[in-house]
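With chain X held as given, fit chain B onto it using these hints.
These protein sequence lines map, in sequence, to chains X and B.
The UniProt record's numbering numbers the first residue of the first sequence as 1 and each following residue consecutively.
The UniProt record's numbering numbers the first residue of the second sequence as 1 and each following residue consecutively.
Heads up, some of the hints might be wrong.
As the list makes no split between identical chains, a pair holds if one copy fits it or if it spans any two.
Derived EDC-like pairs (lysine to aspartate or glutamate); straight-line CA-CA distance at most 20 Å [claimed, not checked]:
id, residue 1, residue 2
1, Lys-55, Asp-367
2, Lys-460, Glu-435
3, Lys-422, Glu-140
4, Lys-258, Asp-193
5, Lys-467, Glu-486
6, Lys-55, Glu-486
7, Lys-467, Glu-281
8, Lys-55, Asp-363
9, Lys-366, Asp-313
10, Lys-467, Glu-116
11, Lys-366, Glu-58
12, Lys-359, Asp-260
13, Lys-422, Asp-112
14, Lys-258, Glu-271
15, Lys-68, Asp-160
16, Lys-86, Glu-171
17, Lys-258, Asp-157
18, Lys-68, Glu-388
19, Lys-55, Asp-132
20, Lys-359, Glu-348
By construction, these hints were calculated from the structure, which means they are not laboratory data.
Nothing here was measured: the structure is a model prediction, and the numbers come from that model.
There are 2 protein chains.
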Amino acid sequence: MNSRDAFHVYDTTLRDGAQQEGLNLSVADKLAIARQLDGLGVGFIEGGWPGANPKDTEFFARAREELKLQNAQLAAFGATRRAHVKAADDPLVAALRDSGAGVVTLVAKSHDRHVELALRTTLEENLAMVRDTVAHLSAEGQRVFLDAEHFFDGYRDNRDYALEVLRTAFEAGAEVAALCDTNGGMLPGWVSDVVDDVVSSTGGRVGIHCHNDTGCAVANTLAAVDAGATHVQGTLNGYGERTGNADLVSVVANLELKLDRRVLPPGLLREATRIAHAVAEVTNVPPASRQPYVGVSAFAHKAGLHASAIKVDPNLYQHMDPSLVGNDMRLLVSDMAGRASIELKGRELGFELDQDLVKRVTDRVKDMELRGYTFEAADASFELMLAEEVGGARPSYFEVESWRVITDSSPQAEAASEATVKLLAGGARIVVTGEGNGPVNALDHALRQAIQQLYPEIVKFELIDYKVRIVDQGHGTDAITRVLIETSDGQSSWVTVGVGHNVIEASWEALIDGLTFGLRRHGA
Amino acid sequence: MNSRDAFHVYDTTLRDGAQQEGLNLSVADKLAIARQLDGLGVGFIEGGWPGANPKDTEFFARAREELKLQNAQLAAFGATRRAHVKAADDPLVAALRDSGAGVVTLVAKSHDRHVELALRTTLEENLAMVRDTVAHLSAEGQRVFLDAEHFFDGYRDNRDYALEVLRTAFEAGAEVAALCDTNGGMLPGWVSDVVDDVVSSTGGRVGIHCHNDTGCAVANTLAAVDAGATHVQGTLNGYGERTGNADLVSVVANLELKLDRRVLPPGLLREATRIAHAVAEVTNVPPASRQPYVGVSAFAHKAGLHASAIKVDPNLYQHMDPSLVGNDMRLLVSDMAGRASIELKGRELGFELDQDLVKRVTDRVKDMELRGYTFEAADASFELMLAEEVGGARPSYFEVESWRVITDSSPQAEAASEATVKLLAGGARIVVTGEGNGPVNALDHALRQAIQQLYPEIVKFELIDYKVRIVDQGHGTDAITRVLIETSDGQSSWVTVGVGHNVIEASWEALIDGLTFGLRRHGA
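Looking at chain X on its own, in the form it has when it is part of the complex (with noise of 0.2 Å):
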């Protein structure tokens, strides 16, 4: 029996997580994320429904030629065939069957209301379409899961029928019944009792797929887990509709853990960061700082008092060593954080700070802040203040003259940007204009153009994030922007902040910092 086997990690990111509002993935986004997920060490990963979505057909055809997966098998979902139609003859079932995915899962009814109601069909034929599906396709040579739709709520209305519908789909050859909380409504307790009923009344492998809707899905899916279920579903970074499904991390991270299951190969647990993120990168949802185990958020401290602990020993204040999960422990400066996160801040980053360096440094945070200013995001910032303090000036490589930036509207065309900036620089006076999709991006091409002879590193650098943000100073007085940018040389990245009435204003500050920054690390 194949590791994956022992105990199922099935993965629902490609077609469950996909229902999540403003989530829209091409094919090629598809493939990337498939990718990361073996990555990961999932045991299946449910690419979408072949035959109903015609990106999902596709899909499945590149992934034959395309996908080498080390870990994970591809799973097909779709539905028992229709009533009153043979399963051979449905051509939403062929295309099941013609998917090549290892696996195939069909959702069926387990709620005797949506079988009337919404399938409108009669109870024993809902039966024949579970069991004939599910044979016909075992016949074929392919493994078959089962998603029992609305279990919960369906044996709360008709415990029978909902445990028939499992019991039909055993002896047609499925080999796993995954109980899903469609509606998401359960709670922990309920989901315990149900699974424990139907682990002991079926005999066969039980699976569970929860949502998010009473904020348990993670702890309804460790509940079922603990009554028996060996086969979880989810997606990465709980994607999905409504409220979301189940955070794959954080069930395998618990699992692992904390209750000392072996779930994923060896060693890849701390692979699940630095994939939560790339994954994010290719969803283009922003991540959830706060995300349990691999958020940015997740291991920063920021009170005063948990930072002077720490200073003594980083388990006083954590949970488990971030690592385990690639994932790492931050010190936020602040205006809550006072001189310990300051100092320790400051060490972190490589300097050692006398006392009075300390206290200056920390009213100036304060006053920045008050400003609207913020480093608990913008650490490169931080480090150039910190050298200004440390050294007596702020590192500086070249001297802003003026900087304009204009955009067009064009009658056949899009509108185009256009930046001139001129700068002194080793010695010489330099006017340079350059083009970009927007005034941010055409003054940072400006920038760049302008001082790439006398620093040729800056070839590398690239803007890579931009975040803007109305700070309220409250009191009545004009609301300011705040910019932070994220660069990278290809290597590493580095967030600078910018603060201004205006946001050109203050995304030129930022962008300034942002190349001061890089040039400073670089050597120059």
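Leaving out everything else, chain B in the frame of chain X:
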């Protein structure tokens, strides 16, 4: 006994919640949030740490004059007295006493390692610190609650000492001992066992305070209540350090709607969605769209087969009636949606669409989504498209000739943005220049100045939100930018979308549609 005392709903948004990375509250913000929390009917509002945090000292001082709470009692948070100092002589304890709060919540170490390594004192002295501070403040007339910090870790390492801390507090007059999972590493089953033991061993009122590091904060809280806790702590929207505190709305919604416990004054749970969003406005932290119960996506249905079932009965795909928490069901228009969703959406917006029209609109939606548009979050743009398909031409109130926007740096002051717009409206050619704090803001001002004589209702329109997303089309094409703009007329608001390679071009499209939609709605 006050109704708030039968079961304690204790909110720590303003204290523990404020430790969230990126969250920065002014005193004015805190007062505004306190009023909202009171509107939800929580029993206790922990306002901060007076004495230790100057902003909080000010908050409590101003609260005495300005805060008139209907439902909640204010609580001041602080530490037990310093080691070897009398409670009456400790200035931080005095600050708690002088805060004017009806309740003081004292955080005390209940983990022996923390007493020794972080506090650097003896286990006996720590007990004395608890006893003296609780007794002192009780004698001075305040209600005293205890936060037993790191309780679960402390119980694991030294059960007897952890329980001794609680007993000491109860005997000295504390009304509640809240067990804090400070590092957030607990799972529901473990919490159950510990709380069970504590409830039977101490006989006092036990509370629970969870963090979301394992993704189980809400479930842990419910497990504690199930084991006998009658005091729950949490924050609105789950704000808090690292992965956040337990989301108090999820906790109370689950208790009231799933477990039939009355924990809020009658009728107030229906305010939850409004209040959760109002508080998010104040914190300036964008609300999580997938947040259980109150998130914008919590009852948003995308999958085509869900929409066709919902046409039959909403309960087929929802675990509860969204209006019980003040939320709404939404049907999302997207390429996954299919004709059933588009037909329902059209009807929702007041259009009866025949089948040909439904097909044409569905195809157009799928095509535009391939090009980067999204209609899920841009109802107004979708409505304009329906109006165009139904009426034969897109609604239009002016014809744009050209536009240009310039931002210039300034040696003495901040950069200034200036936009010139040329258009035809009401038979005249209009050329207007507007200023703003950025290119889009300047274009918005210029546009509105241009048409405001012809359409005076424009004066009420205001751009209230602006989102930019880079949409990666894959296949090596240039990334395109998608802009969502929210416009308000003071009574309602609407969202429009724009797409383009240039961010200003995309913004312009969304701006034009925003104005057009507003004018159409106002009967222009």
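Results for each hint:
Within a single copy, Lys-55 and Asp-367 get their C-alpha atoms only as close as 53 Å, which misses the 20 Å cut-off; across copies the closest is 13 Å, which meets it. Proximity of Lys-460 to Glu-435 under the C-alpha cut-off of 20 Å is restricted to the intra-copy arrangement: shortest distance 18 Å within a copy versus 36 Å between copies. Taking the shortest alpha-carbon separations for Lys-422 and Glu-140, neither the intra-copy value of 71 Å nor the inter-copy value of 67 Å comes in at or below 20 Å. In this homomeric assembly, Lys-258 and Asp-193 come within 20 Å of each other (Cα to Cα) only across copies, at 16 Å, whereas the closest approach inside a single copy is 22 Å.
Taking identical chains as interchangeable, the C-alpha atoms of Lys-467 and Glu-486 lie at most 20 Å apart whether they share a chain (9 Å) or sit on different chains (18 Å). With identical chains, the CA atoms of Lys-55 and Glu-486 are never at most 20 Å apart, being 33 Å at best within one copy and 31 Å at best between copies. Taking the shortest Cα distances, Lys-467 and Glu-281 sit within 20 Å of each other both inside one copy (15 Å) and across copies (17 Å). In this homomeric assembly, Lys-55 and Asp-363 come within 20 Å of each other (Cα to Cα) only across copies, at 15 Å, whereas the closest approach inside a single copy is 56 Å.
Within a single copy, Lys-366 and Asp-313 get their C-alpha atoms no closer than 27 Å, and across copies no closer than 55 Å, so neither meets the 20 Å cut-off. Within a single copy, Lys-467 and Glu-116 get their C-alpha atoms no closer than 50 Å, and across copies no closer than 44 Å, so neither meets the 20 Å cut-off. In this homomeric assembly, Lys-366 and Glu-58 come within 20 Å of each other (Cα to Cα) only across copies, at 16 Å, whereas the closest approach inside a single copy is 55 Å. Neither within a single protomer nor between protomers do Lys-359 and Asp-260 lie at most 20 Å apart by alpha-carbon distance, with minima of 46 Å and 53 Å respectively.
Within a single copy, Lys-422 and Asp-112 get their C-alpha atoms no closer than 73 Å, and across copies no closer than 63 Å, so neither meets the 20 Å cut-off. Taking CA atoms no more than 20 Å apart as the test, Lys-258 paired with Glu-271 passes inside one copy only; the shortest distance there is 18 Å, against 37 Å between copies. In the homo-oligomer, the alpha carbons of Lys-68 and Asp-160 never lie at most 20 Å apart, since the shortest distance is 43 Å inside one protomer and 55 Å across protomers. Within a single copy, Lys-86 and Glu-171 get their C-alpha atoms as close as 19 Å, which meets the 20 Å cut-off; across copies the closest is 74 Å, which misses it.
For a Cα distance limit of 20 Å, the shortest separation of Lys-258 from Asp-157 across copies, 16 Å, qualifies, whereas the shortest one inside one copy, 35 Å, does not. Proximity of Lys-68 and Glu-388 under a CA criterion of 20 Å is satisfied in neither setting, with 51 Å inside one chain copy and 47 Å between copies. For the identical chains of this complex, Lys-55 and Asp-132 are neighbours neither inside a copy (27 Å) nor across copies (69 Å), given an alpha-carbon limit of 20 Å. Proximity of Lys-359 to Glu-348 under the C-alpha cut-off of 20 Å is restricted to the intra-copy arrangement: shortest distance 17 Å within a copy versus 60 Å between copies.
Violated hints for the displayed structure, listed by number in ascending order: 3, 6, 9, 10, 12, 13, 15, 18, 19.
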